[in-house]
Every structure is written in structure tokens, then in C-alpha cells.
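Chemist: Got two chains here, each in a separate frame; can you build the complex from them with the hints?
Heads up: the protein sequence lines correspond to chains U and D, in order. Residue 171 in the numbering used here sits at position 171 of the first sequence; the count goes up by one each step and never skips. Residue 148 in the numbering used here sits at position 148 of the second sequence; the count goes up by one each step and never skips.
To be clear, the hints were calculated from the coordinates, so they are not data collected in a lab. The beta carbon of each residue, even a glycine, is placed where N, CA and C say it ideally should be. Check each hint, because a few of them may be wrong.
Simulated restraints on C-beta separations [as the list claims (entries may be wrong)]: (1) D:Tyr-72 - U:Gly-121: 29 to 35 Å; (2) D:Gly-410 - U:Glu-33: 55 to 61 Å; (3) U:Gly-3 - D:Tyr-137: 42 to 48 Å; (4) D:His-120 - U:Gln-47: 49 to 55 Å; (5) D:Glu-276 - U:Gln-47: 34 to 40 Å; (6) D:Phe-196 - U:Pro-75: 50 to 56 Å.
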Amino acid sequence: MSGGLKEAVIELREEDALRIADEELQGGTDPLEVVAACREAMDVIGQRFADGQAFIPELIMAGEIMQGITAKLKPYLKADDAGEKLGTVVMCTVQGDIHDIGKDIVVTMLDIAGFNVVDLGVDVPVAKVVETVRENSAQVLGLSGLLTVAFDSMKATVAAIDEAGLHGQVKIMLGGAPVTDAVVAYAGADGWGKDAVAAVELAKSWVGGAS
Amino acid sequence: MTLPDNWNELTPDERLQARLDAWQNIPIEFATPEVAQAYRDRVQLYRDVLDLKKPATVPIAPWIGLLPFRFYGHTGKQAYYDYEIFKEDWFRFHEDTRPDGLGLTLGIVPGKLFDILDYHLYDWPGHGTPDDTCYQYSEQEWMKGDEYDALIQDPGTYWQRTYLPRVFGAMEPFSMLPPWTDLVEIPFTAPFFAGFSAPPVKEMLKKLAEAGDAAMEWLQAAMVADGSVMAGLGIPQTAGGATKAPYDILGDTMRGTRGLMLDKFRQPENVKAAMERLVPQAIDWAVRSNNMTGNPMVFIPIHKGADGFMSDADFKELYWPTFKAVLLGLIEEGLVPWVFVEGSYNERLEVIADEDIPAHRMIWMFDATDMERAKAIVGKRQCIGGNVPAALFAMGTPEEMDAYVKDLLGKTAQDGGFILSSGIVLDEADPASYLAFIEAGRKYGK
Chain U
1 MSGGLKEAVI ELREEDALRI ADEELQGGTD PLEVVAACRE AMDVIGQRFA DGQAFIPELI
61 MAGEIMQGIT AKLKPYLKAD DAGEKLGTVV MCTVQGDIHD IGKDIVVTML DIAGFNVVDL
121 GVDVPVAKVV ETVRENSAQV LGLSGLLTVA FDSMKATVAA IDEAGLHGQV KIMLGGAPVT
181 DAVVAYAGAD GWGKDAVAAV ELAKSWVGGA S
Chain D
1 MTLPDNWNEL TPDERLQARL DAWQNIPIEF ATPEVAQAYR DRVQLYRDVL DLKKPATVPI
61 APWIGLLPFR FYGHTGKQAY YDYEIFKEDW FRFHEDTRPD GLGLTLGIVP GKLFDILDYH
121 LYDWPGHGTP DDTCYQYSEQ EWMKGDEYDA LIQDPGTYWQ RTYLPRVFGA MEPFSMLPPW
181 TDLVEIPFTA PFFAGFSAPP VKEMLKKLAE AGDAAMEWLQ AAMVADGSVM AGLGIPQTAG
241 GATKAPYDIL GDTMRGTRGL MLDKFRQPEN VKAAMERLVP QAIDWAVRSN NMTGNPMVFI
301 PIHKGADGFM SDADFKELYW PTFKAVLLGL IEEGLVPWVF VEGSYNERLE VIADEDIPAH
361 RMIWMFDATD MERAKAIVGK RQCIGGNVPA ALFAMGTPEE MDAYVKDLLG KTAQDGGFIL
421 SSGIVLDEAD PASYLAFIEA GRKYGK
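Bound-form chain D, shown alone (with noise of 0.2 Å):
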């Protein structure tokens, strides 16, 4: 979306709403003025449940990533490499089950771009995972234990050269290269370029025009897939840009879950000073890929503060300081921060219903967390949604999930500010299963 002028005079509250209006009002050409008006009603259930009202039907909006292609009879490795099926199925499925949002589309990553970029963070199908999973994380410290202080001092100097390196093979010569902040005067700018005549330089920079094409082909076809379902069925794109928690940061990709929680007894000071360094990039990752998709919706999966992975006062003091800064900062930037809790928080949830968070401004999406109780504490300040469980997607009967949705429903959405989702990201469902979940949705969200 195209900022007004006279942004920066605007209230967070007024911000909020333009963005809003801009996502309701999306400039696309849909295929009838039907569908044209399914999709602002669409959008519309989920203005109205983030403002704490009863809406039209409780919005249903699951995690879905693996699942369509699943469902016509393709692996995860034609998912990832081939997007004709990408684009048929993604459509197909959001066609033949009609929720409320897209599926989760950038979590259908381009394998190819991987292939030429040599990524080690992740393993694929089709490199290093059977070809019917999805991507899954290779845990590994990629930041080392005695590396803060070169990320505290500068992170984008440490992610040029040594964290990128590290992480894609085609990167590696990145290490080699001077900072760009030594580009500040011209006696400096030939020593600096030299580096740039090195063969593995060279070879980097053809690598990574190769892999600005190979990206540049999924994205066409990720907007021809989230095109077709808003423009053709009249569903709205519920992400419109994504960041995380500033733990999660560096536990999830970085330190690694093991690393980072040996560093809260070894060097607490330090994960507490890169955490606050990170929280402007978390905010500004977000604010510029909401502006360009014109959708207020800032997806948050959250992860290693979950019950268990520390103690209430570890998640008061280390976790929740700078992820509440991020959700502020988003806030006040007129986004809605939609929060995807994995995992329990039964024990945080005094915590997250932080009254310095202005109400009816975000959503906490949950998974194994006792629903009545985020109903009551977070429930009552923000929208809540999701829980339904993977297991039930995968093992459960149609009537099983039937009982189950009526019940989560009547503990949750009788008075609104709610929204149907999974607890986890799908990949996998019984087909019957999962419809059942979105026709007990539309039977009980009345």
C-alpha cells in the first residue's frame, strides 16, 4: 500500500484502520462482484473479531502447508519444486474446502532457489528428507557461543560475514568481503571494491542472479496461487508479512535451543543485550513487507518460550521484555501482530494479557493451551483462536472432530473474538476429517 503524506501525523488507532481499509479494499480484479463482496465480508469477520465483536460466522482460518497436495496425491518434493502443481492444488484446495484465509503460501518454499543457494539451515525434500515431508530445521549452533559480541556491536555486519557464510554454501565468499560501512569516503572505495575481482567472488555474485531469478519464478507463481484464490473465491491472504520474538530470533536459526539455553546460565548478559539489538530489526522486517502487501496481518510463530522451555520468571525477564517491544512497535505502526503460540502457554498467560497492550489489537493464536482459561485472561483483552489438534486432523473420525469443534466453540466464540484454526501447521489430515472441521465451523460459528 502507498502511504499517505501525512503518515507519521496519524494515531497508531488511525493507522490501524487505513491499514485495514486497505486490505478490505484490495486493488484486485475479482472474478464477479459476488466474490468481490465475499472477500470485504471475509475480511470483515476479522475486523470485527479483533475488535472483541460477534461476527457474521466465527472466522475459519487454519495453518495449512503440506496439506493440499496431500490431499490430490503429491509429495512435499513436488510442492517445493514443481508450482504448475503448486498452483493447482493450492487453488483446488482452498476451492473444495472454502475457510476464511489462505493457507500459510510462503511456507511452500521454492527448492530450487535452495538447490542453487546451497542452504544448510533447513533440510528438504529431495535433499536430505523424504520426499513426502516438509522442510524441517538442522539444529545446530550457527552462531557460535563466543559470537555476541560481534552481533551486538553490528548485526548486519554479522550476518554478512559470518552468519550467511555459514549458512549458504553460495554465501561463503561473503566472508571474504570488507564491511559495506567502510564505503563512507572516496580514497576507500577502491580498496573496498577490490574484493570484488576474487574468483569466488565472482562466482558468488553469479550464483546469487541465479538464485534472484529462481526466486524471482516462485514469487510469480505464489501470486498467481494467492491471486486466484482472492480474485477467484473471494478468500483473503491472512498473512500479509511475518517477523518473531527476539528469543525465538536467536534460539530457532542462530544459537540453536540448546545453545541458547546453556547461554542463560553461562552468559545472560549477553543474550539479554542481542535480544534488545534485535527487536528494531523484528519490527522493521515486518513494517516493510506489511507496506508491500497492503495487509495489516504480521504472522508471529513463537516458539521457545512455551511451557517447559524455561520457567515463569525466565519467560518474564528474558523472553517477554522484547517480544512485548516488537508487538508495541508493530502496533503503533497501525499492524496487527497474529501470533502463533506453538506448543502450551497455560503457564504465561497472566503474562501475555499485558495491559500495557492496548486491547483489541492483536491476536494470540494457540495450540495445546486450555482454552477456557486464554478465553478468560487473554480473551477478554484480545482475539484469541486456533487449538484444534493435529492429532485429531490426522487420527481423528468426522464426528470426533465434530464434538470436538462444537465444544471449543462454545467455550470460546459465543461472544466473539474468536477464530477457528488448527493448533499446528498441516501437513497432513484425514481428508474427512478436515472437512468435517470446516463444516463444524460453519455449523456451530453461526
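With the rest of the complex left out, here is chain U (with noise of 0.2 Å):
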């Protein structure tokens, strides 16, 4: 690879690196390569946020170079090319509750970080997290919410999994600007992230990957 595309997507050049990218594509460079060079770059701008250097923003910026990225290497990439996956983690925004720009940088931050993410959007009723907690034998569940109507039905949806004899296999964790600690005692979950950076190192050490 002739190089340009990581600080490109560092940099959050947006046309650069889209232009590098498709350049890299047709000049034949190896698209697991470029799938390494923006997994390192969004490794950095994910540890500039940790020490706040960067923001929500860049966040959404990265994720959205790295779509377009996505987009273009997609023709090139074998079926098996994805490579192993950490886990499968489901997501959602809980009943009651309809906002997503959290869940989403998370799902795009997980997304990124390799996980395999079943996002179940906003709204979802009790049944149909459990539903999909079994069918993708997901490892990790993430339950968002931003009203304090959320902490009820966080609530409800731990006591479900529970009901349904899943939370052995699988571990909940929670986020969203009024979460703290006494809020996931209050559901019965397992943790929390206070942010998107926070929610992808939870996972990865629940599924054996902590860096």
C-alpha cells in the first residue's frame, strides 16, 4: 500500500481518504489492507476520544468515512475476507424510548471493533430482545436509553432475559446520559459505558478479548 489512507482517516479528510481508498482499490493493493489501515486509524481517533481529544463529532465523522470506505470495498471482498468475529453483540434503544444517536455511534464503534452487531433500533419491546438474544446467541446485549422511563424497562428486559434463562450466556450492559451505577443495580445488568469507547472495551472483555 502506497500509505496516505490512515492519517487520511485520522485526519477526517473525508475526500482524501475516499479518493486514496478507491485509488488503493484499482492500483490492486490487497483490501485486507486497507481494511487494517482504517481499523488503525479509527483505533486512534477511538483512543483520542478515551483521552479526550476527540469528540462525538469525529466520532460520527469516522464512521461515516468509514461507511463510504465500506461501500467501495465491498466488490473487492471475498466472502470470508470479514475474517473472525469477537462475538455478536445485540443492541438496542429500549421500550418507551426513541433515541438513537447514542446506540448508534455504538453500534458503528462496535461495528468497527469487529463485534458482529444485530441492531434492533429504538422502541423494542421486552419479546423481541429476548427473541434475539437466542436466535444469535449473542454474547453481549446493550441496552440504551436517554429518558428515565428507560431504567423501567431496562428493568423489565434484564428480568426477561433472566426469565428466559439467558443472562448465564449472555452479559447486558447499559448506556445512555442518566446511567450510573445505582441504575444498573436498579435493572439487574452487568455494567455500563459512559460512553462509546467505554461500551467497546466493556464487550471486549466480556468476550475474552480485552486489550
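Modeler: Rendered as C-alpha cells:
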């Protein structure tokens, strides 16, 4: 690879990043090298976020660039090129709450980190969450909410996972502005992340891939 | 309030005092002279804290959403659709809990009106969200990324022909009508009005008239709800009008959080120009509503500049300049910006303590911000308040609430300049914790 892609993504130069990705792929660079450069760039941005040097707009812009590059990669990648996934995470905003910004950022970051992510969207009924966790043999369940009404929905969802006998297989993390340790205890969940980077770290630690 | 003839000759300070006097001496018939005195005493608490003096007691002014309805076994849907329940629960809640300020009456919104207007911008109970939740914003790019030029060129026409038809189903036909600014000379009048003969436009006008009636039905209920609390209990309304920060106008309900964050990278100059264009609108909106209510407090909920939502550099360059212009414009008019800072503002305190903003002229209410630092940095120039966490109201014990309020007031309220409030608008709380909040405020706020 002739270089420049990783730097363009890190510096959030969208047009440059997409142009370089195009040039690399058309020039015969192994698409997996392009994927690796992107992942390295995202690691740097994630680290900057964790260090307070980058913020939500930077994560969203980086995610946008990654989506653009992923679309370009598709025709070049073979089905088995996606590589081994770290694990499966089911994500949703809980019943009664339709806020999706935070949840969407976590979905993007988990995806980029190498998880298989099943995104159920917003205002998701408890039964749907249970069914999806079971069907996908998910190791991690992420429940998001911005409103205080979400606390009770989180609690109800965790209770249903318990009742279905799935809590041994799946660990449950919470996220959203009002979430604290007290909310985790109230809902009976296993942990929470204060932001998307923390959520990814938590999920990694639970599937045995802690960095 | 009726502005005196010499209004334009008054200094901002004289205007402020005139507005505060009008608020304190509101021309309503109180239940008893004692209630009238209690009202004036409560307004005095705000006058004192605004002036960074120690009040007789720390004013307790929680942000109240659907909490009263939860207290008495009703749902959000009932609150938004049944105005008898709205009025009764609103009065009963304030009678039972006796805060020093009225909850956010404007936040108990009229469901019937939105049904008529076919409002797409939000979901609400009975219309997209469960019956027992509050209204919730439906996050989308209601303004498209390539529409900045149209907005900047003429916001009014952009709203009329593009934005309103998109967010209100009932207003779609507005897109068929020419801009009102075409109406400048006699020969152009007939071509302009020909558009009103189109059947969809006629249908729209009928619906808008229905909407007007529905809005008036709600407004009358809201006036009774507020009036009964003010006249019967001596509790003043704390929000006399409202406005928003230009960045939030764009980010909350136009470009959306994500859209605006991407615009920052893709078209930063357009974002700045649009915000500058919205400053006079944001000031005028508050001035008109506050003149009507005769109450100088301007409720300004702010969202998208919180810690984590942008870098310090972006806050200073993108968010603050136009918001500051709005604040200065309001203060110039003698109004009191009462800013409700959602989320955390720990990284912003030095910026918002801006010395260009005259001291003792506005109120900063915080949510998840370090209140000791807020007091030290912002509190030396302006009144501050807020901070009692949502989770504590919802899940804390009365003892935990008592301890929290004691600690908070100990850190922030000893020399005045502080308003006790919730960090967020309360839709739910454990009744025992809520009552413990009020009691602790009375106990430690002396």
C-alpha cells in the first residue's frame, strides 16, 4: 500500500480518504490491507476520544468515512474475508424510548472493532430483545436509553432475559446520559459504559478480547 | 406587559427593573392578601438570587414535566389529551408540594393540536410512543444538507415553503404557495392569491383554522392551570418566554445531531452563516413572548454544546459566539436568560463566565456539572442552580436525597445566588424522594 489512507482517516479528510481508498483498490492493493489501515486509524481516533482529544462529531465523521470506504471495499472482498468476529452483540434503545444517536455511535464503534452487531433500533419490546439474543446466541446485550422511563424498561428487559434463562450466556451493558452505577444495580444489568469507547472496551472484556 | 412610551430611552438595567417590578406586581386577583404576599415574596427570592444576594430561603424551582400526572395515577396521554386532568393534577401537585416556581406548563403539550397538524417532528403518547411516556423528538434531517443557501437567504420563506410542509403534514400545501414577500404591488396580487384556490390549499386553511381552535382550547386550560396556582397558592411562573441557542435550533430540529456534526466538517462556513442569520429571530422570539406574559425570565434549554458533543475549540468558535449574541440581545432588552444546561458543562465553565456578559443578569441551571467549580467560576458573576440528578429522584431513598441536597446547598448556596432544582425535566420520581427533595430544600435553604 502506498500509504496516506490511515492518516487521511485519522485527520477526518473525507474526500482524501475516499479517493485514496479508491486508488489503492483500483491499483491492486490487497483489500484486507485497506481494512487494516482503516482499523488502525479508528483505533487512533478511539484512543483520542478516550483521552478527551476527540469528541462525538469526530466519531460520527470517522464512522461516515468508514461507511464510504466499506461500500468501496465490497466488490473486492470475498465472503470469508470479513475474518473472525470477536462475538455477537445485540443492541437496542429500550421500549418507550426512541433516542438513537448514542446507540448508533456504539453500534458503529462495535462494528468497526470487529463485533457482529445486531441492531434492533429504538423502542424495542422486551420479547423481541429476548428472541434476538436467543436466535443469535449473543454474548453481549447493549440497552440504551435517554429518558428516565428507560430505567424501568431496562429492568424489565433484564428480568425477561433472566426468566428466559439467557443471562448465563449473555452479559448486559447499559448506556445513555442518565445511566449510573445505581441504574445498573436497579436494572440488574452487568455494567455500563459512559461513552461508545467505554462500551466497546466493556464488550471486549466480556468476550475475552480485552485490549 | 405594556411597555412605557419612553422604553427605548431606558437603559438595559432600567428595563430589567421595570420588568421585574411588573412580574412581582402581576395584575391578577389573588385568593387572599396572604397569598398575594406569598407570591411577591417568592418573586423577591428570584430577584435576590439574580443579584447574587442571600435570599430569605433558597428558591426551589424544579423542572416539572409529567411528574404531577404520575403522582395521581394518570398517563402522559391523559395529560396531553384530557385538559380537565391537566388542570386538576397541575394544581393539586403544586398545592401538595409547594415549590417556589411553576413547572414547565408549556411542556404539557396539546395532543389534539398535533393530531390535526399531523406533526412529524415528534412522537407522543397515543401517537408513536407508549401512553405513559412524554413526547419524544424523531431524529431526522428535517432540513437537508444542501438547503443552507435557501435558509440563509430568507429564513421566513425557507420555513414557509420547505421546512413547515416537511414537518407538519397539514402544511404540505404551503410549498405550493409563493413567498409572502411577492406581495409588493397591485399587479402581483392576483397571481399570488390564485394559489389559494387550489383544493389542497383550501383544505389546509380549514385545518389550520381547526388547529387554531385546538390551540386556543389548550391555551385556555393552561391559563387556568397556571392562574389557579399563581392566584391560589402564590407560586409564580418562572418561564415568561423561551428561545434557543442558534446552534441548537439547527442541531435539534433542523439538521439533526448527526447532520449538523457532519456539516461541521463538510460545510463549516454555511453552519456559521446560518447561525448568525438566526440570532435576531432567536432574540425577537423571546422579546415578543416575554412582553406578552409580563415575566422577564427567558427559558433557554441548551443541548448540543455539552461536554463530549464538541471540542473546546469548536465550542468557542461554533457554539458560543452566536449564543452569546442572543444572551446579550436579551439582556439589552431587560430580559433574564434562564439557561437550562442539559448534560455536563465542566469543560465550558470558563467560556460561559464570559466577562462581556454583564454580571448579575442571567441564570445558569446545570445538570451533571461539577457544582463546586460552577459556583467558583460562573457563580461569582451570575446566579446558578439545578443539578439534583434524575436517577436520585427516580431511584434514591429519601435519606439519600436529603444528604444530596444538604451537600449541594452547603457547597453552593451559603452566600446566595443559587436556585435549587432538578438536573433534568422530571417526568417521573419516587414520590417519597421528591417530597424529601422539597423538604431538604426548605431545611437546608434557610
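Chemist: Compare the structure with each hint and give your call.
Modeler: Hints, verified against the model:
1. D:Tyr-72 - U:Gly-121: 29 to 35 Å: Given range 29 to 35 Å: holds, Cβ gap about 33 Å.
2. D:Gly-410 - U:Glu-33: 55 to 61 Å: holds, 59 Å
3. U:Gly-3 - D:Tyr-137: 42 to 48 Å: holds, 43 Å
4. D:His-120 - U:Gln-47: 49 to 55 Å: Check failed, 40 Å falls outside 49 to 55 Å.
5. D:Glu-276 - U:Gln-47: 34 to 40 Å: At roughly 35 Å between Cβ atoms, Gln-47 (chain U) and Glu-276 (chain D) fall inside 34 to 40 Å, so the hint holds.
6. D:Phe-196 - U:Pro-75: 50 to 56 Å: holds, 53 Å
Comparing the model with each earlier hint shows a violation of hint 4 alone; every other hint is respected.
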